[in-house]
Amino acid sequence: MGNTENMKTISKTLIAFILIICINNLIAQTITQTIKGRIVDKESQTPLPGATIVILNTEPLLGGITNENGNFVIKNVPIGRYNIKSVYLGYEPSIASEVLVGSGKEIVINFELSEILNNLNEVVVKSNKGETMNSMASVSARQLSVEEASRYAGGFDDPARLASSFAGVSSSLGNNGIVIRGNAPKGLLWRMEGIEISNPTHFANIQTIGAGAITALSSQMLANSDFYTGAFPAEYGNATSGVFDIKLKTGNNDKRENTVQIGLIGIDISSEGPFIKGKKASYIFNYRYSTLNLLSPILPKEMGKLKYQDLCFKMNFPTKSFGTFSLWGIGYLDYQAREALKDSMKWESDMDKQQFNIDLLMTAAGLNNRIILGEKTYLNTTIAITGTSLGMNQDSYTETMNMLPTNKINYLTQKQTISSFINHKFNAKLTNKSGIIINKLQYNFNIQSIDNNETELSTKVKENGKSYQFQAYSQSKYNFTQNLNVVFGLHSQFFALNKHYSFEPRTSISWNLDARHTLSLSYGLHSQMEMLNFYLVQQSTQYGINEPNNKLDFSKAHHFVLSYDFKINEFSHIKFEPYFQYLFNVPVIPDSYYSLQNMEDGLYFNDSLVNKGKGQNIGLDITYERFLNHGYYYLATASIFDSKYIGGDGIKRNSRFNRNYVFNVLGGKEWKTGKNKNNIFSINGKFCLMGGEWLNPLNIEATYDSKYIVEDVSNAFTERKKPAQVLSFSFSYRINKAKHASIWSFSYMNVLGYAEFSGYYFDKMSNSIKKEVDKLVMPSISYKLEF
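All letters in the sequence shown, in the order written, are residues 0 to 786 by numbering that gives the first Met the number 0.
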């Protein structure tokens with residue numbers, strides 16, 4: 000009955016959506032907008048005055064010239080999509096492709112141009128589509144644009160879910176954990192404005208470490224950012240799988256603009272503009288409050304009540320003599336709760352007897368200063384504070400109707416950071432970037448849980464203290480010719496708690512064989528700390544409390560990547576990336592199958608670990624992509640790989656995340672509508688096929704004897720989940736008016752109703768083994784107003 004009502008609701012929504020399109024097609028206006036931005040040298044970040052900007056597909060031709068600060072403004076641009084070209088003498092021209100110009104907000108486009116080494120007979124015009132923001136990156140990296148995040152089907156405006164469309168990446172339906180080339184989600188480094196932050200996802204780390212449910216990042220706040228899947232540059236440390244380097248937008252310093260969005264998932268309010276008109280200081284913020292209770296009829300009942308809210312902001316203060324200061328921050332509050340049924344006659348399973356409440360908090364805030372020191376050097380310094388807090392209480396009724404505590408967590412971490420780097424461009428051939436990162440780590444843990452067949456809570460970790468982490472790096476890029484360059488660097492880190500350190504060389508070479516063919520090769524050694532509670536595990540012995548993991552070393556990995564990129568034409572390319580990763584020093588339990596290479600849930604971990612684990616990931620990533628042009632785009636990716644590990648018992652096995660294959664096909668088409676073609680209707684779709692993850696089979700006899708799930712660990716990771724087939728689609732309709740724009744969106748994730756198996760549990764009520772299955776079928780409609 001519930002599913003029938005949901006389908007009726009969806010049908011009514013689609014009918015209303017179509018009526019809106021028909022009505023607005025009858026209305027026509029001539030509407031224009033302003034395009035502005037800045038052009039700088041890519042390496043030194045110094046402005047390029049006198050650079051030319053041209054909007055290619057306009058009649059008459061529109062354009063402008065940058066002022067002494069590298070800024071440009073082009074007014075009265077008719078709304079639509081345009082290719083915008085920037086040209087400066089002695090630099091490679093660049094094109095921003097298919098830029099959407101709407102009526103709701105001014106368009107800001109920033110260009111970073113590369114200097115030409117010598118006078119060439121023919122200069123190739125580069126499109127900045129897909130090109131990374133970081134000039135030191137050469138392989139396994141791509142730029143993630145804000146428009147892609149809002150356009151790709153199945154993304155739910157979530158950069159983490161969007162990343163699952165890229166080659167080498169997979170994720171689960173029930174969470175947004177990013178699994179890169181067979182590595183656990185915990186191996187990913189999240190950075191915001193150059194500072195390492197906690198996973199910016201609501202309900203993070205509850206079921207899977209490194210994963211959560213819904214992003215706390217709003218597309219209103221994001222600038223184009225970089226995403227890495229291996230062999231990343233030396234400036235990135237404390238990660239073994241990949242990097243998500245997030246940049247925040249700078250608010251419009253000329254005009255106040257606002258956005259309101261209402262949807263089934265949340266209500267967003269965003270605003271940006273100058274603090275004082277005529278001045279250059281600006282602000283931008285976004286606040287969101289959840290409306291997930293509207294989706295409660297289609298969510299699993301065991302999820303209980305879900306509430307969340309988040310805030311993100313950035314304030315920008317340019318000065319004449321001391322550079323530019325920016326104050327930024329992000330934070331969220333989450334709450335999840337479920338009550339047990341008090342009437343035992345209504346109990347159908349053990350879940351009906353259980354109750355819990357969870358409170359989560361995540362914060363990150365920083366003050367940044369960037370100052371230009373001459374024509375070739377700039378200094379960037381940030382002081383920041385980040386932190387997380389998790390409080391959870393879980394209880395269950397006994398057969399005698401007594402409420403028994405089963406889990407209790409108080410988990411608090413705080414990090415104070417100073418990060419500074421200096422970037423110097425010696426000449427057109429050589430650029431160096433060197434920096435340091437100092438982290439003061441503070442923690443307060445009290446983690447308790449009830450063991451099988453026990454009636455009292457046992458302490459896993461109870462510790463209050465502080466420590467330090469130090470990182471330093473230096474990396475240089477040398478251009479031998481216009482088509483051949485080498486990047487070489489060194490990253491190091493030191494953990495004061497146990498005095499372990501690591502030196503990590505990184506290098507890459509990139510060769511443009513001609514205008515269409517690029518060959519690259521990269522190597523990097525990478526290392527990562529574990530979550531602090533792993534180092535502070537407490538075990539009771541006859542001599543008192545023992546902390547066996549105090550001396551745990553970093554996990555480490557060698558990355559080797561070969562990349563071949565063939566540019567088919569101006570708007571499409573195909574890329575092949577074979578890779579090999581050798582993991583070592585991985586923490587494992589002695590004489591056990593267990594390895595942190597497979598870790599999902601680690602909050603209650605209480606075993607001894609040694610750095611004797613190994614592993615390897617070998618595979619091939621293929622990307623065939625046509626960027627948006629003439630109203631349509633498509634992306635097809637194939638990842639074929641094998642992920643193995645060796646635990647404390649010395650046996651080689653499939654890793655948990657060894658899906659072996661992941662295939663994605665997605666695309667979309669948009670049409671101009673209305674009498675004057677002012678409005679845009681678009682449709683997008685995505686289909687994902689991937690192999691199942693591996694898990695431990697059950698010891699059936701022992702499970703029934705103990706009334707708890709007992710795994711057959713002698714055959715660890717020999718049972719496999721079914722392959723996943725996930726289909727998603729979305730519609731959107733943009734209505735451009737003279738002073739505002741409206742965007743109606745409808746999306747549907749998991750149209751085929753794929754049910755994702757998440758594990759077994761023993762139900763004492765029915766004395767049977769049951770499966771936990773996530774069958775998330777997520778329809779969503781939203782309305783956005785830009786003005």
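Any given hint could turn out to be false.
Straight-line distance between alpha carbons at most 30 Å, and here's what the computed BS3-like set of lysine-lysine pairs gives [stated by the list, open to error]:
1) LYS41 / LYS341
2) LYS304 / LYS613
3) LYS74 / LYS613
4) LYS341 / LYS407
5) LYS306 / LYS643
6) LYS407 / LYS428
7) LYS319 / LYS341
8) LYS407 / LYS35
9) LYS341 / LYS104
10) LYS676 / LYS721
11) LYS407 / LYS41
12) LYS720 / LYS676
13) LYS643 / LYS738
14) LYS498 / LYS613
15) LYS306 / LYS774
16) LYS465 / LYS319
17) LYS84 / LYS428
18) LYS736 / LYS84
19) LYS738 / LYS248
No lab work stands behind these hints, which were simulated from the structure alone.
Since we're looking at a predicted model, the values are computed, not measured.
Does LYS41 lie within 30 Å of LYS407 when you go C-alpha to C-alpha? Distance of about 51 Å is beyond 30 Å: violated.
Taking 30 Å as the top limit, are the C-alpha atoms of LYS676 and LYS721 close enough? Since the Cα atoms of LYS676 and LYS721 sit roughly 46 Å apart, the hinted pair is violated (cutoff 30 Å).
Has the given pair, LYS341 with LYS104, been kept, meaning a C-alpha gap of at most 30 Å? Given pair LYS341, LYS104 is violated - Cα atoms ~53 Å apart, limit 30 Å.
Given the hint that LYS465 pairs with LYS319, does the C-alpha gap stay at or below 30 Å? violated (39 Å)
With a cut-off of 30 Å on the C-alpha distance, tell me whether LYS738 and LYS248 pass. holds (22 Å)
Take the C-alpha atoms of LYS319 and LYS341, compute the straight-line distance between them, and say whether it is at most 30 Å. violated (67 Å)
Distance restraint between LYS74 and LYS613, which requires alpha-carbon spacing of 30 Å or less: violated (59 Å)
Within a Cα-Cα threshold of 30 Å, do LYS41 and LYS341 meet the stated pairing? violated (64 Å)
Taking 30 Å as the top limit, are the C-alpha atoms of LYS304 and LYS613 close enough? violated (41 Å)
Pairwise hint evaluation, LYS84 against LYS736, where the allowed Cα distance is 30 Å at most: Measuring from Cα to Cα gives roughly 27 Å; hence the hint holds.
Holds or violated: are the alpha carbons of LYS407 and LYS428 at most 30 Å from each other? Violated, at about 58 Å.
Pair hint outcome, LYS498 versus LYS613 [Cα-Cα no greater than 30 Å]: holds (22 Å)
Figure legend: structure checked against the earlier numbered hints; hints not met, in rising order: 1, 2, 3, 5, 6, 7, 8, 9, 10, 11, 12, 13, 16.
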